[in-house]
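Numbering of the sequence shown is given in the UniProt record's numbering, commencing with residue 1 and proceeding in unit increments.
If you are wondering where the hints come from, they were derived from the structure by calculation, not from laboratory data. Just to be clear, a hint being listed does not mean it is correct.
[Unchecked claim] Below, computed lysine to any residue pairings styled on SDA-like, alpha-carbon distance capped at 20 Å: (1) K80 <-> E44; (2) K97 <-> S235; (3) K226 <-> M147; (4) K202 <-> N190; (5) K210 <-> K153; (6) K80 <-> R112; (7) K199 <-> N220; (8) K153 <-> A187; (9) K239 <-> V181; (10) K239 <-> E206; (11) K202 <-> L242; (12) K253 <-> G84; (13) K202 <-> Y236; (14) K250 <-> H58.
Nothing here was measured: the structure is a model prediction, and the numbers come from that model.
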Amino acid sequence: MVATWRLVPFHFKPGFLPQLIIMKKIFYLILILFLNSNLVLSQECNIYIPNTVGTELHYEMTNQKGKVLGSYTQKLLSIKNKGGETIYSMLQTTMDKSSKDKVILSDTITFRCKGNEFYIDMDQYLNQKQMEAFQNMEVKITTDDLMYPPNLKPGQSLKDGSITISIEGGVMNMNMTTNIVNRKVEALENIDTPAGNFKCYKLSEEVQSKTGFVNVTIRNVMWISKDIGTIRSESYNKKGKLTGITQLVKIVK
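Construct the entire structure; sequences and hints are all you get.
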């Protein structure tokens, strides 16, 4: 038995073709909007500092027994775009423990967003008082800034950071190196401080410092919150003993 087929012409209903064209246009518009939204989301940079100029963070430093050792403030000075990056400048002012009106040290820390990655300038690990002694010498500084990816999650390992200072001054040559290693996201936790309750990422890291033949290693645990910064941090010596605590006590906007 041989089957025979007959082609039957398909007739569009009146008005169907214009509707089809409109539907296709709507589909392509939705597709473009979807792709653009994905592009924006993929480029979002989560920052771990205040996002409003003028915001002040007030911190208190204590030893393991709760004795106050000092305090400092961080104030966001500016947000600027430069070379495809967003640059954040923050003034950090350290106060004398005996008088909150007496400034010991004042310095500017730089943060930046590059693409969807957030960076902390490793220059903050410079000992500014110590560096004043080398102002008449040739100083070379090499850094690999701390980087935070757009989406942190528990168990995630983060890239190391480092700063190396080479000093040449006649018969006196010296190298000072600080490496931030074994950086890891430990958990997502809620933290209470005098400044309030905050949803934080708990991070851990090792700070390895070397000056000449002297090596010092400490372990830091910190809790950071998006669009605010560090909420609490704890420092431990190489034996695992708690040596100091820093916590956010006030936010001024």
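Going straight from one Cα to the other, do K239 and E206 come out at no more than 20 Å?
13 Å, holds
Please verify whether K239 and V181 have alpha carbons no more than 20 Å apart.
The hint holds at about 17 Å.
CA of K202 to CA of Y236, is that 20 Å or under?
15 Å, holds
Hint consistency between K199 and N220 [alpha-carbon to alpha-carbon, up to 20 Å]:
19 Å, holds
Take a quick look at whether K250 and H58 sit within 20 Å of each other, Cα to Cα.
Cα-Cα ~5 Å, so holds.
Assess, step by step, whether the Cα of K210 is no farther than 20 Å from the Cα of K153, and give holds or violated.
Cα-Cα ~31 Å, so violated.
20 Å limit on alpha-carbon distance, applied to hinted pair K153 and A187
7 Å, holds
Would the hint linking K97 and S235 be met if the CA-CA limit is 20 Å?
19 Å, holds
Restraint status (C-alpha distance of K80 to R112 at most 20 Å)
9 Å, holds
Given the hinted pair K226 and M147, is their Cα-Cα distance within 20 Å?
Holds: K226 and M147 sit about 14 Å apart, inside 20 Å.
Holds or violated: K80 with E44, Cα cutoff 20 Å?
16 Å, holds
Quick one, are K202 and L242 close enough, alpha carbons at most 20 Å?
16 Å, holds
In this structure, the hints that do not hold are numbers 5 and 12, in rising order.
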